Structures are given as structure tokens and as C-alpha cells.
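S.K.: Assemble the complex: chain A is given as a structure, and chain B must be docked to it using the hints.
Protein chains in written order, with our numbering: chain A, 427 to 755; chain B, 427 to 755.
Please note that the accuracy of each hint is not assured.
The list treats identical chains as interchangeable, and a pair is accepted whether it falls inside one copy or across any two copies.
[Unchecked claim] Using 25 Å as the maximum straight-line C-alpha spacing, the simulated BS3-like pairs for lysine-lysine come out as follows:
| id | residue 1 | residue 2 |
| --- | --- | --- |
| 1 | K726 | K583 |
| 2 | K522 | K467 |
| 3 | K583 | K561 |
| 4 | K534 | K753 |
| 5 | K606 | K726 |
These are computed hints drawn from the structure, not numbers from a lab.
Computed from a predicted model, the values in this text were never measured in an experiment.
Protein chains: 2
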Amino acid sequence: MAEFSGKREYFVGVDLGGTKILAGVFTPQLKCLGKVKMSTKPERGPEGVLERVTRCVKEVVGECNLKPDDIRAVGIGAPGAVDPEAGRMIFAPNLKWEDVPLKKALEKQLDLPVFAENDCNVCALGVYETELDPKPRSMVGIFLGTGIGAGIVLDGKPYSGFNRTAGEIGHMVLDVDGPKCGCGNKGCFEALASRTALFRRIQTAVKDGQKTVLTDMLGPELTDMRSGDLRKALRRGDKFIEQIVEEAAEYTGTAVANVINFLNPEVVVLGGGVMDQLADEMMAIIIATAEDYALPGTAKGIKIIASKLGDDAGITGAAVLAMRESKER
Amino acid sequence: MAEFSGKREYFVGVDLGGTKILAGVFTPQLKCLGKVKMSTKPERGPEGVLERVTRCVKEVVGECNLKPDDIRAVGIGAPGAVDPEAGRMIFAPNLKWEDVPLKKALEKQLDLPVFAENDCNVCALGVYETELDPKPRSMVGIFLGTGIGAGIVLDGKPYSGFNRTAGEIGHMVLDVDGPKCGCGNKGCFEALASRTALFRRIQTAVKDGQKTVLTDMLGPELTDMRSGDLRKALRRGDKFIEQIVEEAAEYTGTAVANVINFLNPEVVVLGGGVMDQLADEMMAIIIATAEDYALPGTAKGIKIIASKLGDDAGITGAAVLAMRESKER
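Next comes chain A alone, as it looks inside the complex (with noise of 0.2 Å):
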């Protein structure tokens, strides 16, 4: 490690994603100064992603005209079972890695301190940090997007669990004669209602004739569907995406409602690129499911809210991670 010669303040939040890689530059007070974003290319491995990872650092703190020395650590939300102590990425199924010393070879490349946690855990700690005040005691972050996972804080800790697999709300069997997930099983939380579940429910309905201004927008084949288009959809007054919409926040619900059941946490936060777009349409619905499956008394005071960090959260909880962990050293 280089002697301090910058001022090194600021710190690099990075999401590691199976797609993308996303950088961003904080201040201490967690003011996100820039983003850079790559794609991840997982097929060319641990040695070939980590240094796009590096790539994307380096390039994030040129864009805010930062130097490497005005950096004080490095943040890394990870797909998968990490050891946090470590910095081991222990196995992301996405990217089909086993045993990756993450922080080990990016402290190497960038020649900074490096922390690294699972990607959920990371996103509800940005959640946690700059969304939640007062602080609550515990929380649970749930996540929809191409997948869907959570973070659990628990005193103000992300809680991983036995395997640092804690949060795989995913996999939460809803419906045990419901519809197959990528998985193996049936009737997973994901395949009920992550956008991938989502797409493919209005896919094979279309393909069955079901009208929808979808195909107005975007062709037969339903070709690049975003979240943004079910929103634009449901703006325009569509009932088949209303009713789609309104399946998959019941579901949602019901998860929460789950979620409050067992682990009764004090704040559940609903995030992820679905939510980001199309919260205004889900999160009545989501909060009423919830209540109503909730066991009376359990759900008292319990506040279900929608994050606004969007994509950032990822970015954002990388450095309050790289703060934390920086600080206690």
C-alpha cells in the first residue's frame, strides 16, 4: 500500500452485476460525484471480469477528476455468496465462479484498501444508510428485478447467515403447483413476479392472442421490453398489463407478508429496477396484501416503503461498505 499523499476522502461503490459493472465516486457524505458503467462479459472469467472491474474504477475516478490517492477504499457488491472477512467470493452461480479471493486481487490491481459483501446485502446497507431515519433496528431489503433477492440488516449489520447466503427471498416457495423457476422448483417468489416472470407471462400470452398496446410499441415479438414499457402501457390504460402488474404486487405481498411473519423486522424496503419503475403502480397494493396476510398484531407500525436509489443502490452501499469498513481498521 502506497503512503497517503492524497487527501484520500472519497470512496468507489462498485456493482458487480452479471451484465454490468456499475462505479461510482462518494463523498463522505455520500454525495455520488460520477458513475461509469461496462459491461461485466462473464465469459471470459475471474481474471478477465475483476480487471474490467479495476478498468472501471480507475476510469470513474479520472471522470471526477479525482486521483487514485484522493480514494480511501473501495466498495464491491458481489452476485453471490461472499465472505465479507475474507473478501472470498465464495460461489455466484450468474457468473459460475467458485472460490474467487476478490478483494485480495482487486487490492492488488488497484493498490487500495478493497471490501467486498453480496450484491443484496450491499443494496439494502445503501438503503439502511442514506434512505432509513431514524435508523431502524432490523430491516429486510427486498430487490425485484431480472431476479429477485434481499438483504437483511440486523442492528445495523448486514446478517448473511451459515453460508453468506442469507436473503435468497427468491426462492421463497409461494405456490408449490405454481409456475417453474430457473431454479428447478415451482411457484419460487421469482417466478412469480421478477421482470423476467413478468415478460415471459405477457410473452406467452401474447402469443396466445391476447391484445396489449405492448406490441403497438414494440413490435410482435415484444423485442428489448423494459419495466419503463409496462409503466407506459399502464399509463395508455392497458387492463392485461394492470391486471399483470397487480398479480405480480399481490405476490409481492405475500412475500412481505412472509417476511414480517418470521423474521418480524422493524422497516421492509422494496427496491430493484421494477420497483424504480412502476413502485407508484405496485406499492398500495403490495402494503394492503401484506397486511391482510400479515398476522393480526404482527404488522403493527411496521413501515413498507419503496427506495428511490433505483440502480444506485448497489453503487451507493458499496461505499457506505468501503466507509465502514475502512473506518474500523
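M.R.: Just chain B now, kept in the frame of chain A:
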């Protein structure tokens, strides 16, 4: 409080249920010296029930040839939301209680320190302290009886959540289109795998003409059916009961997988009256189903075991509570 006159080395654990009160005297090594059981008589209201708890405690102390001065503290597990700091029962649906000062009232009547906690948390604590070695960092105890509840122990302490109602796993929805639950929703774990659910399914099938040895054993109305009768029917090779028990084990395995995916505890313990009688038949199916439904890698090394404490889990855990809390004083 009277001055110390006896050696005060024993503890009393009380399990307060909707139908019965069980109290036991324990040595500091958690050996049970004797037990006394009494009906709860919930219709007499909090005052009447607490008077019976007091009587039960005094009786078991006498039964063990001890005097009140030999008791250091009393612990009690109660069926509902308990604020352990204040020793106050926030609410108890089965007893129809709201805001009952459990600790204060019993301390006055018994002239001994009393500590209260939720019944499932207390059961989990009993399992944790007497059946697990080495101690796991996190465990979930799932108790299958008339209803289904869970206790969560994190870092050696009961975790009860924001409203002190964590662990209500009986109302985790596993099948959104499943059978109606007592709570008003559909497809709750409790509506699929509790003793009540099993008995209801058997009774309905018998009414519809299903043959089972249980009618030979108990008569056509299946009067006073108990979990032990199911075990006897299985031993006699009753295929119908085998199927009912298998289904319950599969639902239980699915719930265990949901817990492993979401909270990822080091140990999952199954207990309660149903397990006490049917563990031999159910455990292999529960474990296989849980490992099947848990995401790859998440269940690795996690122990799924049956408690041997049976009906004594509550009094044992309550004694542990009394011992721990009176030490901290």
C-alpha cells in the same frame, strides 16, 4: 423479596399453553427433578390463569421436596407476543389476552424473580442449551403441534423482532391456493402440516369413505385422535396415513427450505408433539425435500435435526431463561 435463606440453586420453568400449564423444577445442570401439569382454564381470564400458574409452581416445588427459598428464579414461556424486558404479555390470541403484566403479577404472587418470553423462543432456547454442542451462531426451531410456530436464536439470544412476534412461521404462505387457515388466509404452513391440519384431512377423507385402521382403533368418529395414533397406524402398514404423513413432511421440508434460503441458520431443529411421535417417519422426507428446495450451496453443512425434548422443550427453555436472566442481575 425475602432475604436469601435457602441455597436458591434451583430453577422453575413454566410452559403456559392455551389448554395446559406445565411446570418443572431444574437443577443448575438442567436436570429436571419433577413436573406438574394443570389445565389452563383460559375462560377464567388473566387473573384466574396466573393464579393457576402460581399454584402449579408452588406444587411442583413441593413435589420435589423443596421450599420456595430453594428456588432462584422462575422462567415462563407464554403463547403470544411478549416484551421480555418488561415481562409484559403484549397480546396472546389463544388466551384472548392483551397487555398483561405477566412478570409483575407472578413476582408478587410467588415472591421470586420471574422472567417471561414467547413460548416458541423459549422452546428454541431449551433446544439450543441442552441439545446443541457446539453452539451454533444461528438456529431456528420449528415446533409442530396443534399449531406451528418457530423460535429464532441468533448469537445465543432469542430474536423476537419489532413487534416481538418473529417466528410466526405457521402463517408463512406455502400454497396461495391451498386450504383455508384459521387466520383467514389460504395455504399457510399451519393449514398444511399441523396436527389440526392432518386430523382434518383424515376426518374429511374418512367421511368420504376412505378406509384406515384408525377407525378400528378409535371408532368411526375418530374420537380423541392423537399424533401417537398416527404412528400406530403407520406401524400397522396403513397406506393412507402414510400418504398423509408424507405430504405433511414434504410441506415441512418446503418450509425448512424457505428458512434456509432466507435466514440461512446454521441449525434447523424440528420439535413439538407431531415430531415427538412421528420424527422417525418424517425426518428423512423433511431433509430430502429441504435440500431439494434450497438453492444449490445454501444448505451446505446446515444441520436439520429432530429435538428429543418433546413436551419438555418449553419448561426446559423457561428454566434456561430463568438461569440466564437471574445470572445477569
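S.K.: At most 25 Å between CA atoms: does that hold for K606 and K726 within a copy, between copies, both, or neither?
M.R.: For K606 and K726, the Cα distance is within 25 Å only across copies (23 Å; inside one copy 34 Å).
S.K.: Are the CA atoms of K583 and K561 at most 25 Å apart within a copy, between copies, both, or neither?
M.R.: Both. Shortest intra-copy (11 Å) and inter-copy (22 Å) distances satisfy the 25 Å Cα cut-off.
S.K.: At 25 Å max between alpha carbons, let me know whether K522 reaches K467 within a copy, between copies, both or neither.
M.R.: Answer is within; shortest intra-copy Cα gap is 12 Å, inter-copy 59 Å.
S.K.: Tell me, please, which holds for K534 and K753 at an alpha-carbon limit of 25 Å: within, between, both or neither?
M.R.: Close inside one copy (20 Å), not across copies (49 Å); limit 25 Å.
S.K.: When no copy is specified for K726 and K583, does a C-alpha distance of 25 Å or less occur within a copy, between copies, both, or neither?
M.R.: both (24 Å within a copy, 23 Å between copies)
Consistency note: the structure conflicts with none of the earlier hints.
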